[in-house]
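Going by UniProt numbering, 242 is the number at position 242 of the sequence shown; the sequence numbering is gapless.
Hints may be right or wrong, so weigh each one.
As the list claims (entries may be wrong) - If you anchor each label on the Cβ, the simulated ranges turn out as follows: (1) Thr-318 / Lys-240: 24 to 30 Å; (2) Cys-129 / Leu-309: 38 to 44 Å; (3) Arg-306 / Thr-201: 26 to 32 Å; (4) Arg-99 / Gln-759: 27 to 33 Å; (5) Ala-152 / Ala-571: 19 to 25 Å; (6) Ile-755 / Ala-571: 28 to 34 Å; (7) Thr-201 / Glu-104: 54 to 60 Å; (8) Gly-553 / Arg-733: 29 to 35 Å; (9) Ala-635 / Leu-309: 25 to 31 Å; (10) Leu-309 / Asp-425: 26 to 32 Å; (11) Thr-318 / Ile-537: 42 to 48 Å.
The hints are simulated quantities; they were obtained by calculation from the structure and are not laboratory data.
A quick note: this is a predicted structure, and the numbers were derived from the prediction, not measured.
Yeah, the Cβ is synthetic: ideal placement off N, Cα and C, and Gly gets one too.
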Amino acid sequence: MSKVAPAEQQLPKLHVAIAMARALADLHAAGLFHGSLSSHGVFRSTERVVKVGVPGTSDPNLSTLPWTAPERLGMFAPCTPEADIYALGVILTELDTLRAPFAEERWNDAQLMTAVGLHHCRPRLTGDCAPWYAALVNECLHPDPTKRPTAATIVATLNDKMAANWDDASDAPRTDAGRHLQIQTEHCVSPLIMAIKLGSTRVVDALHQHTVVSAIEVTAPRDVASLQELGRGLRSSVYKAQISGVDVAIKTCHESWPRTCPITALLSNPSPYLVQIVAVAGRDMATPQLVLEYMDGGNLRSYLDRKRLLERTAVHVTAVEVAYVVANALKVLHKQGIAHGGVKSANVLLSSTRYIKLDVTLASERTAAETQMIDTMPWLAPEILRADGPVDGLAADMYAFGVLLAELDTSQLPYGDQPALTPPDFTQGVVDGTLRPRLSTACEPWYRELTNACLRDDPKDRLTADDLVSLLYPRLATRGADWTETYLKAGNKLRLQAALNASSTNGLAPWAMAALAGQVPLARILHAAQTTATDTIVEQDLPELNVPAERDGRLVVHRRIHAHTDLAALASFTSPFVVAIEATAAPHHVLVECLPAKSLRCFLDAHPQGNKLPPVLSKFKIASIVANAMVDVHAHGLVHGHLSSHNVVLSSANYVQISAPGLAATEDALRAPTAPEVLSGDSPPSCASDVYALGVLLTELDNVELGLDDEAAAATKAVVGGSPRDDCDDEYRNLVASCLDNNPEKRPTATDVVIVCEQRVV
1 MSKVAPAEQQ LPKLHVAIAM ARALADLHAA GLFHGSLSSH GVFRSTERVV
51 KVGVPGTSDP NLSTLPWTAP ERLGMFAPCT PEADIYALGV ILTELDTLRA
101 PFAEERWNDA QLMTAVGLHH CRPRLTGDCA PWYAALVNEC LHPDPTKRPT
151 AATIVATLND KMAANWDDAS DAPRTDAGRH LQIQTEHCVS PLIMAIKLGS
201 TRVVDALHQH TVVSAIEVTA PRDVASLQEL GRGLRSSVYK AQISGVDVAI
251 KTCHESWPRT CPITALLSNP SPYLVQIVAV AGRDMATPQL VLEYMDGGNL
301 RSYLDRKRLL ERTAVHVTAV EVAYVVANAL KVLHKQGIAH GGVKSANVLL
351 SSTRYIKLDV TLASERTAAE TQMIDTMPWL APEILRADGP VDGLAADMYA
401 FGVLLAELDT SQLPYGDQPA LTPPDFTQGV VDGTLRPRLS TACEPWYREL
451 TNACLRDDPK DRLTADDLVS LLYPRLATRG ADWTETYLKA GNKLRLQAAL
501 NASSTNGLAP WAMAALAGQV PLARILHAAQ TTATDTIVEQ DLPELNVPAE
551 RDGRLVVHRR IHAHTDLAAL ASFTSPFVVA IEATAAPHHV LVECLPAKSL
601 RCFLDAHPQG NKLPPVLSKF KIASIVANAM VDVHAHGLVH GHLSSHNVVL
651 SSANYVQISA PGLAATEDAL RAPTAPEVLS GDSPPSCASD VYALGVLLTE
701 LDNVELGLDD EAAAATKAVV GGSPRDDCDD EYRNLVASCL DNNPEKRPTA
751 TDVVIVCEQR VV
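Work out the full structure, taking the sequences as your base and the hints as a guide.
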């Protein structure tokens, strides 16, 4: 990403303003503040995504004095949310003038501090600045911090202005949907999508509630006639549009909405499983319009056709993934008493950034003509085709879902492998129960039973959407976990197995999903919000050493730490990237969290050299997590001292973590990662020796083998003598070499390693 600069192609100022305001609102809501906000720390990507830099990471070589609030100009003045708002106000003047603050003045730092602090001088605005914008800036720059608006208030103000300026091409609706439209254009999996993939509905609801932006009422967007048509149906036509550089889909209705149209309810109850409605135009007009998020992967029907022909596709999804998302979408609708009325492969949309979503439809009741349409009939339930009375739309959706399951199994249109029939003959076969979509011979028994249960003739006998979600959830390929043989051999195997199974059904923790998505600051915030104080117990109350035990409804294991580890510091230490310490006991004992997990070493052993690691466990992702763990350990004044691939654990709940500082693996496992100065006895374990161990781990991630798999004496001699390590690939050979430098003072810090790894992850 590049810094936002006046000399570059400009983004709409409302777009940048609301991105910054929302970033501050999120920070302040979490009880945090930025403290060094300036235009130097606001970035944009080539996809025109705007982001604020991580708090505390501003370039020390760049002065932030022009953005510093007057109350902070004094000695040791603390950072506050109000000071962040002042800095935002200064950036708003830059967006208006396209010049640095106080650029027309020639003040040195002392003169600037006097002008701002004593004479209340503020950066200027242009003469044609909109009055409302100038008023907002003045409020942000108020000399009294208590009279400045909150970040949430600024977001609300900008939202209102974006709705009013919908027809203005320079400040179009892109910014009102800023959070939803912009965050999803990043080339990474968002925590929300990861939660959907893992089936963690509780986390999905929480994340969606935090990120969703309600649809706004606007006037009709301009230039619709010149847009690219994506599809046309009996009720509407859909066009692809671009508003201020953001792709959207505009659905133009051919008639006014029926009173029972599901769109009305969806406006107030958006769902992450349904295509997001960004804006509504002309709700009460004869031809209302919807502005929807654009799904760049096309519809499921096209995707299945390409897969059947072995053609390349822009996205990859499985049958279970699609079925699970659509089932959840129907569950959301049916809970509100809304029938979708158009469940079919053409209405399931895919995206490289927004995953899978069910399209919103305008159907409330079906006309007689629609029941005879070729592109509709295969998904119609028998009771609809009978046309002999009222129909339960929810049950009809379940029948259509069963037809969709058949499509997912065969990749063909329903009934595509059966003789062509006239509409009357087709209707008769479905109504009689003699005609149903066929499944492939390779279809798994559970999938066949699920499909047949949806296609039952009697609507009352079909599964409900709740049933579908419950049945599909265990089938998600991304769920499940491995755990070490040590856990399974210890204690009561049946009780332990039950406890592990129970914990594995909860899916990734919210902070773990943030870490997986590369959002490390968010991971730390979410983890801190869920962390409780570490207990102190007496040694006599400890369970058996190295044997999992239950404590207050949680599974823990008693471990002994190294004698040189500061137990008091360890008790107050917490990190999302380090296995949680539940309790400590003098002199050298801890109870650590025990979850279904597998060591990185075991995981790498299962992937022979040359096999690619899964994307979610790529070497740079794992290296980034481990390096961030080391940053947290060292920042707390601790040294790990025992880092190795045996002490890095993978789990379905906490993603990637390292063991707590002072906890050792076996002696054999620790031999290779030990730094030469420690092995030679010249120095005790240190932050530099931890980085050396991290370098060894990087070689393992690169070649999927143990570093220096030699005899003890040979390994010790090789390490102390500074012999070259195993080769790493070109992407991070220099990083590994620097970590393995014989001179501890020349090794990078853990923070340096994080910076390199996160650049490669992005």
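Hints, one by one, checked against the model:
no.: 1; hint: Thr-318 / Lys-240: 24 to 30 Å; verdict: holds (27 Å)
no.: 2; hint: Cys-129 / Leu-309: 38 to 44 Å; verdict: violated (56 Å)
no.: 3; hint: Arg-306 / Thr-201: 26 to 32 Å; verdict: holds (31 Å)
no.: 4; hint: Arg-99 / Gln-759: 27 to 33 Å; verdict: holds (31 Å)
no.: 5; hint: Ala-152 / Ala-571: 19 to 25 Å; verdict: violated (36 Å)
no.: 6; hint: Ile-755 / Ala-571: 28 to 34 Å; verdict: holds (30 Å)
no.: 7; hint: Thr-201 / Glu-104: 54 to 60 Å; verdict: holds (55 Å)
no.: 8; hint: Gly-553 / Arg-733: 29 to 35 Å; verdict: violated (47 Å)
no.: 9; hint: Ala-635 / Leu-309: 25 to 31 Å; verdict: violated (54 Å)
no.: 10; hint: Leu-309 / Asp-425: 26 to 32 Å; verdict: holds (29 Å)
no.: 11; hint: Thr-318 / Ile-537: 42 to 48 Å; verdict: holds (46 Å)
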